[in-house]
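Protein chains in written order, with my numbering: chain A, 1 to 543; chain B, 1 to 272.
Honestly, the hints are just simulated from the structure, not real lab data.
Virtual Cβ for every residue (Gly too), placed ideally from N, Cα, C.
Careful: at least some of the hints might be erroneous.
[As the list claims (entries may be wrong)] Simulated coverage check for chain A against chain B, where a stretch passes if three residues somewhere in it have a Cβ under 8 Å from a Cβ of chain B:
(1) 351-360
(2) 364-375
(3) 380-394
One-letter residues, chain by chain:
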Amino acid sequence: MSLLEIRNLTLEIARTDLAIVKNVSLSVEPGEIVAIVGESGSGKTQVARAVMALNHRAIRRRAGQSLFRGQDIFALPDREKRAIRGSQIGMVFQEPMTSLNPSLTIGRQLLEGLELHRKLTQQERLAKVAEMLRRVGIQDVDHAMRAYPHEFSGGMRQRIMLASVMLLEPALLIADEPTTALDAVIQRDVMELMVELTRSANTAVLLISHDLPMVARYADRILVMRSGEIVEEGAASDILARPQHEYTRKLLAALSWRGPARAVDMQQTPVIAVEGLVVDYGGQQRLFSRSQSKRALKGIDISVQPNEIVAVVGGSGSGKTTLGNVIAGLVPATSGRLLYDGKPVLPGASGYADWRANSQMVFQDPYSSLDPRMKIEALVGEALRHEKRINRQQKRERVAAMLTEVGLGEQFLDRFPHELSGGQRQRVAIARALICNPRFLIADEPVSALDVTVRAQVLDLFAALQKRYGFSCLFISHDLGVVEQVADRVIVMQHGEIVEQGSRDDVFDRPQHAYTRKLLSAIPALAPTAGGGIEMRWRQAAG
Amino acid sequence: MRRFAPNALIGGLLIGLLFLMAIVQTFWMPHDPMKLNFASRLQPPSAEFLLGTDEFGRDIVSRLMMGAATSVSISLMTVGLAVVLGTTIGLISGYNRGLIDRVIMIFNDALLAFPGMLLALGLLSVFGANQYGIIVALGLAYTPSVARVVRGAVMSLREREFIRASRTMNNSELYTMLRHVLPNCLAPLIVLGTSMFGWTLLSESALSFLGLGVPPPAPTWGNMLAAGRPFIEQAAWLAIFPGLCISLTLLGINLLGDALRDRLDPQMRGAV
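For reference, chain B alone in the conformation it holds in the complex (with noise of 0.2 Å):
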């Protein structure tokens, strides 16, 4: 029987919303969101601009309408770079163990004890402040914890009894990896992959604020935010809207994060 799950329902409601924001906008937007007017600069909302416009008089709507599709995909390439490569290190660390695995969790251990923002301000350093530099920089900073789960995964699988079969049916180590152990560390690897959705937003934004993300004028969350600050006392608005827009995406995240987990936890399956 399965229950009805609000945290779903609402988690997936706010998450498709920022879906559609991102696909929309590729052909859609109610106003051009890079075309400066000042003659409509620091405009309250109203009918024309829904949520005002900003002080070089552009859209905010629009603005944050194109800002969703980048950290939309900002965030699916980092969190697609560091599952790839934590899943990477953490099969070969977790299954291989032995010097191999203490090596690599020597290093691996080594980056998460340094917080993950300082790591990725300092690889942004190295790559330039750009949107490929923000992905390479947090899907790097995020690996380790990729592969610690992973290997994590892996170690209690490897002494289940259906990898030693694999093992004693003449399979090679390669093939009962691929085979045997990856698919059955999904399960974690989805609910870790969600959350670090939002984390990679989150620090997208923060990187944006401090001026190392995206370059204006294009427009992200983050340097929406930062732009507004000057501007807090005569428009608010230029700050409310996308901080509301950051803060309900990572509620969605959160709520749907929690929702796969229930889902996909085997020690939630088959209870009473």
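The following block holds chain A by itself, in its conformation from the complex (with noise of 0.2 Å):
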């Protein structure tokens, strides 16, 4: 008998007749890793809850059944529902900053799970969490117990929440997304950790994921869905080597490959250049105090020529997002100078309305970065605001083309961006800081928030832009994939300084300092294979 069992599984939302799981069959054996891959909306998150029971209410279960050891949850009594949830099968979600209470410390909330499900003494319970907190990684256990889950940063929720969960030593984890919200090196430190965890404890695992590449690198079995049917079933290697479905064949080619290097002349002026840029954070004037500053960024230098684009990648605290905002103008700066085309830019000299209409910056989040009360129309014509002698007619064909140049037709003009999915609207924001033709980009993490294949076809949108207009670019990012796809050079980030900057071939292929290594060991080198596949390999993190 297998551990879990999921048998013709169809799900809709109540009232219509929406199936948004449909006739899902799938199988867990003890102490095995299967993984769910798919896209969002592809029903893989309401498989995972069915497990336990959990989906929301306005879900509902048309026919199949979830097998637990043989009984199905559906059918259980809540009482018996609960008994297995947590005691039997854990469950690790994506958001560590949520998942935790924020009013109990990390000991009460890690001591419940054993008060509820398990009969031991006080002192063995806290010898247990102790041994368990120690054994995620954390330091100082003593001090952990009695603190609060917003003194530590998210990976280290993560752990302390899979601590908690771990305790139990549940038959089964459902890990919905569990390293999504952290940035790659952390990723794959979490990961790890779950598998080194939950093989001592012969605890199975359900992951869920939109991570392909990672998936394989831990999963024995992958599942991929789409819009909530299973497409391809297989073992973990199989799938990557010798994909069937075209699906997944489209997964995989939405993988960030690497092009040709790009000449760049590095002898003409810089568009931009950054001198000795320090930047202060906090130091802010109370009523009757000074609050204690921190140093974000500590003399950084960097230059970016015509038609380059300079990639700016580092984990999490780094500084490469305050990097970006400096040069865009929404951070002030503590010390340092500011170069457009050689000359020096202040708020207020000469050059500056000429250095801002040539600056533009897309964003990372294309849900808030897009005024929701606006029309496309208005929202990308917006930035052609302090363009003078542009009547209306003409302002609403410009807007036009340019929505039409980023593949998105006139037939967006009058609508709101609530209409239309990530993809379209990351189209719109980029849309938005083209139409000036502006010499210089700022993209912080333009396609972190994508779906893999949506992030694909953008990057690819950004490329044949980039080509056509001659822009120069900064592009912050933590993924490296991307960053390899499409830097010229690549500045690595780590505590507010450069540790390292070089040709992205030099940088990806002969990585000099070591934090640039540890980066490079959480991605995988891809080559593809005579199946339509790829083969994938990773870099070592030491040497």
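Hey, can you piece these two chains together into the complex? The hints should help.
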């Protein structure tokens, strides 16, 4: 008997006939790691929730069963459902910020599960919690027990979450995008910890993710889901090397590949150069005191040549976003100079307006970077506000032409942002940034919020537009795969300093700094195989 | 799919009725509300005087209608004053933050800590007890809560990326504030404005009841209620009908406010 067996499960939205999971069957054996891979809306999360019968009440089971050790969870009375949840099936969610209770100490939250589900003395419980915290890499256990969740970083919180779930040694762990909110290096650490903990407790894992290479590294079997159906199933290595279904091939093709290196003339005057940039955060004037300041950038020098895409990479807290914000004029610099075309730009100086008009920005989150109350025409057209001698009709025509260029048509002019998908919104954001034909573009994680296949399309569009308009770009990202695809030159940042910079091929193939190597070890090097699939090679962190 | 909202319907009907009364009285009333007629003093409701007459023989229906107009116009102007002032202060404070925000908010919080009614009473003694005195006093008393709500909305909005996007587009701060920040604060403002309309109505009635409102003989629901108090045993309708008008209007406003909040709150949008 399988540990978990889902048979012909069909889920629908109540009061409609809309099926969001269609006839899905899968099984998980004890100790096995099974992954469900799919994009947003594929129904993968709903399948995971159905394992514990935790679906939203608006989602109803039309047919099928979810059998845990042969018992149909949906048919169990609530009392027995609760006895299984937590104790025998554990769950880790995507967002470590919200899955721990902010008002309870870590110790309290970890003890809670043991008190509910295990008959132990308080002494034994405390010992078990302390041991588990040590195993997930918490240094000062006594302090951690008394600390609150906000005192820990996202990665640490996810470790604590894992600790609290694995404390009960469940037979099955459901991990729904457990590392999506974390940056690449921490993502790898948390995944390895999860695999190690579950292996030693012989816990099976049902891993839900959109990240095919990451999943392939850790899972035994992979199921690929699209629009509520499982389209392909197989051993992890087979799926990658010999994908059978067209959609799986599309997912693999959407992974980032390295194109041929482009020649950039480094002798020209840089479009934008930054010299000795220092930024202190905090130091805010309170009523009677000044708060402690924190140095976010510690003397940065960079330059971007005409027609060049320079990528800035680094983990969270490396200062890469601050750098973009300072150049965009959103955050004041504490000291340092900004040179546009070799001339310093300062607010109020003669060249400032010219510089502002020639630098634009694309933001990470297409859901919040467009004013929800404006139509697309007004949103994109707003960038033309500073152009004189242009009437309404001309404006509308230019906006329409730009929309066509980013792969949207005139029919989008009168729509509102909420009527558009994430990919379409990001196209609108790109149109808005490029309509004035700027010489310099700052792209702050422009594709991080997008699904894999949409991400590939937007990146292709971005490359095509760059070729056509020849703008220079500062491309800020934590995703080295994306950077490998688009960048001419790469700058690696850590703790507000540049630790390495060089051409893309040098940084990716001959990394010099230990931190660069660590970043690279979190992403695979990809090579195509004969079967239309890919072969992955993981880089070593050391040496 | 839009659900049937009974509170929007009932609230809308009651408030519609209030405005209808206020409008109709400008060209038609059953009797002259100011005409004294000692022959028909303290009459109970009858076919001629639908809700009876008061101690000077004036028709209650007509006086209620005229009072409705006074109350509606006072409330509208008060809310308008508080919203305009409070929004300006809230926008400046929330958008600039820093020292300006701190100073403004210290004053604002001090005013908020002061009971609104007491503040209004104090201001009334300065401005004088008349219609405009009430509007200014209550308007100023309600400004701090508007400022607070707007400031909160602005502070969360200004961190949103479309505000940052507007700034990178070389738009002036004033333009960004008016074009992007203000329109996105409207939802909480409308909801607050609606319930404030109710508070004003109630406060105005209370002030009139205390004799600090619109001076007689002009009728308001509050001073009618106050005038009916000595006669509560002989002619209960003098107090009952103005009281009923106040209660029903407040009920209507609260229902309408709830319904508006449900419609405008982004959290409620797109819920399954």
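Here is what the structure says about each hint:
Figure legend: the stretch 351-360 of chain A, annotated as covered by chain B; annotation consistent (5 residues with Cβ-Cβ distances under 8 Å, at least 3 required). Coverage of the stretch 364-375 of chain A by chain B holds in this model, with 8 residues showing a Cβ closer than 8 Å to a Cβ of that chain against a need of three. Under the rule that three or more residues need a Cβ within less than 8 Å of chain B, the assignment of the stretch 380-394 of chain A holds, with 4 such residues.
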